[in-house]
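Peer 1: Below are the chains, spelled out letter by letter.
Number of protein chains: 2
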Amino acid sequence: MTNSILEQLTHHRSIRHFENKSLSSEQVAQLVDAAQHASTSTFSQQYSIISVTDPETLKQIAKITGHGWMLNAGHYFVMIADQYRNLKIAQQNDADAYILHTTDKFLASTFDVAIATENIMVAAESMGLGGTIMGSVLNDPRKMIELLDLPELTFPLLGIALGYPKDKPELKPRLPKSAFHFSNHYNLGGNFQPELLQYDQLVSEYYKERSTNDRTETFTHHIVSELSRGHDVRSDLFAIIREQGLMLH
Amino acid sequence: MTNSILEQLTHHRSIRHFENKSLSSEQVAQLVDAAQHASTSTFSQQYSIISVTDPETLKQIAKITGHGWMLNAGHYFVMIADQYRNLKIAQQNDADAYILHTTDKFLASTFDVAIATENIMVAAESMGLGGTIMGSVLNDPRKMIELLDLPELTFPLLGIALGYPKDKPELKPRLPKSAFHFSNHYNLGGNFQPELLQYDQLVSEYYKERSTNDRTETFTHHIVSELSRGHDVRSDLFAIIREQGLMLH
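Those sequence lines, one after another, are chains A and B. If you use the working numbering, the first sequence corresponds to residues 1 to 249, in order. If you use the working numbering, the second sequence corresponds to residues 1 to 249, in order.
Honestly, the hints are just simulated from the structure, not real lab data. Hints may contain errors.
Heads up, the list lumps identical chains together, so a pair's fine if it works in one copy or across two of them.
[Said to hold, decoys possible] Below, computed lysine to aspartate or glutamate pairings styled on DMTMM-like, alpha-carbon distance capped at 20 angstroms:
#1 88 with 217
#2 143 with 243
#3 88 with 152
#4 177 with 195
For reference, chain A alone in the conformation it holds in the complex:
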């Protein structure tokens, strides 16, 4: 038993090649509407969305993220953790704004951002669009903050590049359920090794068959290469979040 929504969700792939065609303002409004109707933590709607259309700003973001292909997208969103709007409400009502500066509230904003981001992706795919969620805006949050005029208690967490797909990459195989979905207790047991080897084999076949890229790669190798990243990469992330007044307590 399946349905068209399950079919779509289980056939998601990130799209990085787009037709040269912008999204209409109606499409953008529909995406924002889908985002806003997602759940938010304590219904406090602790995020905001910025549509970036200015070519110079887009170029700067492409530079920050290292993803020049995003310049061919039909629309670009930056998703902002936002406790500033509620700070304004606090100030207008002489309320204590302490909790807006807590780890708890930063997490709430992060949930709100990511949940809304996925709604945008699902909505976009239902409209025949595709795209990629980009954590790479975190490569230089100070620059992002400056570019987008972000006030205190806000933070740029994710970008979303969307457009009309120019290709349809094969589906990447996911981790085996036994290494991922547990019952009542976390149990990454003795089974993990054989399962991982089998999964590595699957991932390796995926890369061999993928038309656009013939690198040899396994999940294990992918994780190990990530781990070789320099310790200095994004090492000031926590400090910058706190500069914005978030996660102070």
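Take the given structure of chain A and dock chain B to it, following the hints.
Peer 2: Just chain B now, with coordinates in the frame of chain A:
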């Protein structure tokens, strides 16, 4: 121009009253499948899912969250930030595990969790189910960690209570677009006050009309009451995350 997926996304409401009927194992497998096909940060799949079916554990989680109604749900998931699986891979390959302990990687796990959570919610609704995403598992993460045997580098972030809806609450009005969706620059301008008043009016009408609850409430009042929460609530969240080995750098 709309479609059935957009229709569903824009008609989401949280469901807290369920028929007395469990989800089948096939339904649970479909939900986990939908979750796994969502985007993950750098395709590193840095989260895990625990299905909680043990009645005693569910009772404990109901106590932690303060939401007794979750005991009537047809299924309960806890979504876990998980860098432990990749730590095992690091150890087996003598790789440097430093970055698994960074703020960056904790954020990546948080994105992965929340994005997958929303996919579960969207998938569930497409199957005629409903539910609520529960940040209230953060009320007592130490107890959650103990209940679910969570190892280092994991953290319980969200619960998801799902089931067959017993009611259909009205749709809560969302923030006006002008206070929420900006173009190129963050701009919560002078327009915010009149827009907020108008929104407060909408929210107040929503609560008046809602059959199950006749409280008088505005968005402003809701935010101000949240702010009155004691400073000690979840005050050790950051410390507990670090006890788990996360956000150390």
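Peer 1: For residue 88 vs residue 217, is the C-alpha pair at or below 20 angstroms within one copy, between two copies, both, or neither?
Peer 2: between (49 angstroms within a copy, 18 angstroms between copies)
Peer 1: At most 20 angstroms between C-alpha atoms: does residue 177 with residue 195 qualify within a copy, between copies, both, or neither?
Peer 2: Within one copy, since 9 angstroms is at most 20 angstroms while 47 angstroms is not.
Peer 1: Under a CA distance limit of 20 angstroms, which applies to residue 88 and residue 152: within one copy, between copies, both, or neither?
Peer 2: Classified as within: same-chain Cα gap 11 angstroms, cross-chain 38 angstroms, threshold 20 angstroms.
Peer 1: Can you give me the call for residue 143 and residue 243, within, between, both or neither, at a CA distance of at most 20 angstroms?
Peer 2: within (13 angstroms within a copy, 31 angstroms between copies)
The structure agrees with every numbered hint stated previously.
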